[in-house]
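Student: First to last, the sequence lines map onto chains E and U.
Throughout the first sequence, residue numbering follows our numbering, covering 1 to 85 in sequence.
Throughout the second sequence, residue numbering follows our numbering, covering 1001 to 1132 in sequence.
Among these hints, one or two may not hold up.
[Claimed, not checked] Label pairs and their computed distance ranges (CB to CB):
| id | chain 1 | residue 1 | chain 2 | residue 2 | range |
| --- | --- | --- | --- | --- | --- |
| 1 | U | GLY1119 | E | LYS20 | 44 to 54 Å |
| 2 | U | GLY1107 | E | MET40 | 34 to 44 Å |
| 3 | U | THR1127 | E | GLU67 | 35 to 45 Å |
| 4 | E | VAL85 | U | GLU1123 | 41 to 51 Å |
Everything labelled a hint here was simulated from the structure, so no lab data went into it.
Backbone N, C-alpha and C fix where the C-beta goes; we use that ideal spot for every residue, glycine too.
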Amino acid sequence: MGEELKVGCARPTGGPVGEKPEDQTEAKKGNIIVKEEKPMIHVGKKAPDFIAPAYHKGKFISVKLSEYLGKWVVLCFYPGDFTFV
Amino acid sequence: MSIDSIFVHKMWNDNELSKMVSGGVPFPMLSDAGGKVGTIYGVYDEDSGVETRGRFLIDPDGVIQGYEVLTPPVGRNVNETLRQIQAFQLVRESKGTEATPSGWRPGKMTLKPGPDLVGRVWEVWKTNMAFD
Chain E
1 MGEELKVGCA RPTGGPVGEK PEDQTEAKKG NIIVKEEKPM IHVGKKAPDF IAPAYHKGKF
61 ISVKLSEYLG KWVVLCFYPG DFTFV
Chain U
1001 MSIDSIFVHK MWNDNELSKM VSGGVPFPML SDAGGKVGTI YGVYDEDSGV ETRGRFLIDP
1061 DGVIQGYEVL TPPVGRNVNE TLRQIQAFQL VRESKGTEAT PSGWRPGKMT LKPGPDLVGR
1121 VWEVWKTNMA FD
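Next comes chain U alone, as it looks inside the complex:
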């Protein structure tokens, strides 16, 4: 979503993005002329009249599970977004019985919060697991 019109979205997709991604952008490119939607999401910058790099993860119940907002010069890490979605999906499927500690990726160990784990995280989760 940006403040550009749907006509500009079409030109960008058809003339440039479709040369980067086969078939063009697979998802809807939303137009928010005037920044009304960006304003309620807290990402519309009135001074410059554009929207900052906001990214919101919304679950199947419509609940915001996480977000990230960057100023325009720095791009996002798409892999980190995908990792967070995978983590939230795992937690949701486990109905909250599992949690994903720092550094978790698909296939890595999860934690099962409960009385037995209190004060014993250090035994099962090592600091280097946050970085590997």
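So that you can see chain E by itself, here it is in the shape it has in the complex:
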């Protein structure tokens, strides 16, 4: 899972895992995305897909959530490194 790093900042892809991102062309005005990113979390519904840089076993890689389709995933957020989890 994940290839060696060629990724900028973490970012949502704009759609749920396993589906194409919504067409955002209408939502764009110049370079500014007008559309608000609101929480899309509901149990029983697909998780929002994203791409993020990661550190894994000595390497910097890029991780995309939808690459994990077919596996169970525990996605954990925490306030900061060097704190407990």
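Position chain U relative to chain E; hints supplied.
Tutor: For chain U alone, kept in the frame of chain E given last:
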């Protein structure tokens, strides 16, 4: 996933976590500088600029089966997370024919929802089973 950079993740893993867990953290440590991903998951706190203790269980189809979000001072119960995964896996393998009642752990009785069970749960499932 946190707002720390992958470089800070590396320092934390190499200098501290690898002393707690042999071989270091086995899974990817994700970086979400700016909290863009945390925002769509509803766990990014703009006031403090960090992410709260959110934990999401995502099944092999990409469907969120459960989540828990805590404010920073209180840590999580990892065993409860593992128990929930085991319960969701059992339900999935049974194709929804079995359900895990309150207090279920691997090896304990499941329920088989259907017309015969309606109004008769009290006969097969006792309240103390939620706590033992």
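Student: For each hint, tell me whether it holds in the structure or not.
Tutor: Against the structure, the hints:
no., hint, in the structure
1, GLY1119(U) x LYS20(E): 44 to 54 Å, "holds (46 Å)"
2, GLY1107(U) x MET40(E): 34 to 44 Å, "holds (36 Å)"
3, THR1127(U) x GLU67(E): 35 to 45 Å, "holds (44 Å)"
4, VAL85(E) x GLU1123(U): 41 to 51 Å, "holds (42 Å)"
Checked against the numbered hints given earlier, the structure satisfies every one of them.
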